[in-house]
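J.: The task is simple: from the sequences and hints, build the whole structure.
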Amino acid sequence: MLNSRELIIILLLQEHDLSGEDLAALLETSRPTVVRDIARINGLLRSESIGSIESVKKYHLLVLNRANLNRLLTQSNHESVLVLLNLLVSPNITMGELIERTFMSRQSIMNCIEKINRQYAKILKIRLRPRIGISVSVNHISKIDILAALISDDHQLVEKRFKLINQSEDFARIRMIVKQQIPEKMFDYLTDSQLSAQIMACTLISKDNTVIMKSTLYKVLLKSGVPHLQSATLAVFFDAKKQLLNHMTIRQVQLAVRATRSRYTLAAFNHS
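Residue numbering for the sequence shown is 1 to 272, as defined by this note's numbering.
A few of these clues could be false.
As the list claims (entries may be wrong) - Below, simulated DSBU-like cross-link-like pairs (lysine-lysine); rule was C-alpha separation at most 35 Å, straight line:
| # | residue 1 | residue 2 |
| --- | --- | --- |
| 1 | K242 | K185 |
| 2 | K223 | K241 |
| 3 | K143 | K241 |
| 4 | K143 | K179 |
| 5 | K125 | K143 |
| 6 | K122 | K242 |
| 7 | K179 | K241 |
| 8 | K122 | K58 |
| 9 | K223 | K185 |
| 10 | K125 | K57 |
| 11 | K57 | K122 |
| 12 | K179 | K125 |
| 13 | K219 | K242 |
Claimed, not checked - The calculated label-pair distances, taken between Cβ atoms and stated as ranges, are:
| # | residue 1 | residue 2 | range |
| --- | --- | --- | --- |
| 14 | H228 | S49 | 52 to 62 Å |
| 15 | T74 | R46 | 16 to 26 Å |
| 16 | K179 | R36 | 46 to 56 Å |
| 17 | E48 | M176 | 40 to 50 Å |
| 18 | H16 | S224 | 44 to 54 Å |
Source of the hints: derived by calculation from the structure; they are not laboratory data. Even for Gly, the Cβ is constructed at its ideal location relative to N, Cα and C.
T.: Take a look at the structure:
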């Protein structure tokens, strides 16, 4: 299993070839530490028949088996996803509560928080505040967008942990109403699976306090029997998306459509 720094090294080298000095600066560590990390990574990559990190002038990730690499990255990322899911769904959760929900040690959780903060520094920050709990603040996008990306990326984990059933009649009804109320042009860059993930994310976060908007979507959802908080959360989220759509330039729409063809992941948000 990769530790947080080793995982980040692989993710960085997937993007660009980098020197030891570059990696040390990005990871805020020493060059000898990077050398030791890469030696350990190479041992793991070779034992799993994945490839190796080659070194000439810069470090280069040579991948011989992409499926095995993806499996290794998924295994290493599983605990971090579990921590982030619980932090998004339960604002200001205490460390004790998080330990109880994840069945992880305090040190493992701290390692995950460090990894998440490094890996997604552009879009979120996790903070531990004494007597208040652990909180997540986000930049540029919403907590619902982040949670929806996690749902798309690891739906089985979310469903297992939160007993979320997206095939229920209630979910189908909500999905139909939302599709009817949002502009058709939004589906130029929003796939059906992404829409479902966003609705599920709204459902999970809806117990958080939400400002009520006097929107058509809110009224239609409420009239159909959807609970107030869930209706309000859905309305706030999708009304904001409609406002964003109204202010998008043609170039921004083209970029959004192109991005839709790739995976709906936090990595994509973090590099946008």
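J.: Does K242 sit within 35 Å of K219, going by the straight-line distance between their CA atoms?
T.: holds (16 Å)
J.: Decide if the proposed pair is consistent with the structure: K122 and K242, CA atoms, cutoff 35 Å inclusive.
T.: Judged against 35 Å, a Cα distance of about 24 Å means the pair holds.
J.: Confirm or reject the claim that E48 and M176 have a C-beta distance inside 40 to 50 Å.
T.: For E48 and M176 the Cβ distance comes to about 45 Å; the hint holds.
J.: Holds or violated: K242 with K185, Cα cutoff 35 Å?
T.: Distance ~10 Å between K242 and K185 Cα, so the pair holds.
J.: Check whether the Cα positions of K57 and K122 lie no farther apart than 35 Å.
T.: Roughly 29 Å separates the two Cα atoms, so the pair holds.
J.: Would the hint linking K143 and K179 be met if the CA-CA limit is 35 Å?
T.: Judged against 35 Å, a Cα distance of about 21 Å means the pair holds.
J.: Just to be sure I understand the hint, the distance between the Cβ atoms of T74 and R46 should be within 16 to 26 Å; is that true here?
T.: 19 Å Cβ-Cβ, so the 16 to 26 Å window holds.
J.: Has the given pair, K143 with K241, been kept, meaning a C-alpha gap of at most 35 Å?
T.: holds (14 Å)
J.: Can you let me know if the beta-carbon spacing of H16 and S224 is within 44 to 54 Å?
T.: holds (49 Å)
J.: Decide if the proposed pair is consistent with the structure: K179 and K125, CA atoms, cutoff 35 Å inclusive.
T.: holds (32 Å)
J.: Is 46 to 56 Å a correct range for the gap between the Cβ atoms of K179 and R36?
T.: holds (52 Å)
J.: What's the verdict on K125 and K143, does the C-alpha distance respect the 35 Å limit or exceed it?
T.: holds (11 Å)
In this structure, every one of the numbered hints holds.
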